[in-house]
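Student: As a plain string of letters, each chain reads:
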Amino acid sequence: AQRVTQPEKLLSVFKGAPVELKCNYSYSGSPELFWYVQYSRQRLQLLLRHISRESIKGFTADLNKGETSFHLKKPFAQEEDSAMYYCALSPSGGYNKLIFGAGTRLAVHP
Amino acid sequence: NAGVTQTPKFQVLKTGQSMTLQCAQDMNHEYMSWYRQDPGMGLRLIHYSVGAGITDQGEVPNGYNVSRSTTEDFPLRLLSAAPSQTSVYFCASSYSMYRGPNYEQYFGPGTRLTVT
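So the protein lines, in turn, are chains U and S. Numbering-wise (our numbering), the first sequence opens with residue 1 and increments by one. Numbering-wise (our numbering), the second sequence opens with residue 1 and increments by one.
Hint data in this document are derived by calculation from the structure and do not stem from the laboratory. Every residue, glycine too, gets a C-beta built ideally from N, C-alpha and C. It is possible that part of the hints are untrue.
[Unchecked claim] Okay, derived cross-link-like pairs now, EDC-like style, lysine to aspartate or glutamate, Cα gap no bigger than 20 Å in a straight line: (1) U:K97 - S:D73; (2) U:K97 - S:E30; (3) U:K9 - U:E80; (4) U:K15 - U:E80; (5) U:K22 - S:E30; (6) U:K97 - U:E20; (7) U:K97 - S:D56; (8) U:K97 - S:D38; (9) U:K97 - S:E104; (10) U:K57 - S:E104; (11) U:K9 - S:D38; (12) U:K97 - S:E59.
[As the list claims (entries may be wrong)] Listed next, with one range per pair, are the computed distances between beta-carbon atoms: (13) U:Q2 - S:T114: 26 to 32 Å; (14) U:G16 - S:G3: 30 to 36 Å; (15) S:P75 - U:R3: 27 to 33 Å; (16) S:P8 - U:E67: 41 to 47 Å.
[Stated by the list, open to error] Listed below are several chain S residues computed to face chain U (Cβ distance under 7 Å; list not exhaustive): (17) G40; (18) M41; (19) G42; (20) L43; (21) E104; (22) F107; (23) P109.
So that you can see chain U by itself, here it is in the shape it has in the complex:
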């Protein structure tokens, strides 16, 4: 079955601390992985995608096919990073569908 698991509902850190939001997926084909973010009172928006190998707002994520993981990392958290983060998977061979994890709320304290 196709599934995305985000094991942490809440991740609470202090400003300046490293952050790692975990994402594991279950999929037998060749997926594309994404991180979406929802800031308070804003709509859900794309943060980054694995095929771009980009760093957005200091966040990076590496696709590890052996461990079927796509963890989101940032070396030094900022208060403005506080938001809800969703990991999503797009299956291969099909139309533009996304399978979402349940989300992790990141709270960065001063």
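With chain U fixed as given, assemble chain S onto it according to the hints.
Tutor: Coordinates of chain S only, in the frame set by chain U:
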């Protein structure tokens, strides 16, 4: 551009009532979709459309109908509301329906629906 717009923002229905959630986009996107979000769960795909006149079911389609008569609009109809349909509904659109560089979904602000 207004992007993806949804109306209403909030709605309370009684069991058995019907209603339509509106979704529109002004980006000339060919792909549109509806998701629902329940507490402790990720967004789940209800229905999607790959162009005007073409729709298909997602993961949780029961109790919902859709149609796509224009590129811009993709309404979601609840035929006979049930308490299990209490949720937050998101509409999304993207330029391309295939994976690739334009594979970004743009989301609306959501509609919070309560069925009593």
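Student: Can you confirm whether the C-alpha distance between U:K97 and S:D38 stays at or below 20 Å?
Tutor: 18 Å, holds
Student: Range first: 30 to 36 Å. Now tell me if the beta carbons of U:G16 and S:G3 are that far apart.
Tutor: Because 34 Å falls inside the window, the suggested range holds.
Student: Please verify whether U:K97 and S:E59 have alpha carbons no more than 20 Å apart.
Tutor: 10 Å, holds
Student: Is the straight-line distance between the alpha-carbon of U:K97 and that of S:D56 20 Å or less?
Tutor: 11 Å, holds
Student: Hold the hint about S:L43 up to the distance rule: shortest CB distance to chain U must be less than 7 Å.
Tutor: OK, holds: S:L43 within 7 Å of chain U, min 4 Å.
Student: Starting from U:K97, check that the Cα of U:E20 is at most 20 Å away, please.
Tutor: Given that 20 Å is the threshold and the Cα spacing comes to 26 Å, the pair is violated.
Student: Could you check if S:E104 really has its C-beta closer than 7 Å to a C-beta on chain U?
Tutor: 5 Å, holds
Student: Assess, step by step, whether the Cα of U:K22 is no farther than 20 Å from the Cα of S:E30, and give holds or violated.
Tutor: Distance of about 32 Å is beyond 20 Å: violated.
Student: Let me know if the C-beta of S:M41 comes in closer than 7 Å to any C-beta of chain U, holds or violated.
Tutor: 5 Å, holds
Student: Would you check the hint for U:K97 and S:E104, treating anything up to 20 Å between C-alpha atoms as holding?
Tutor: 11 Å, holds
Student: Hey, U:K15 versus U:E80, does the alpha-carbon distance stay inside 20 Å?
Tutor: 10 Å, holds
Student: Quick one, are U:K97 and S:E30 close enough, alpha carbons at most 20 Å?
Tutor: Answer holds: U:K97 to S:E30 is near 13 Å, not above 20 Å.
Hint check: violations occur at hints 5 and 6; the rest are consistent with the structure.
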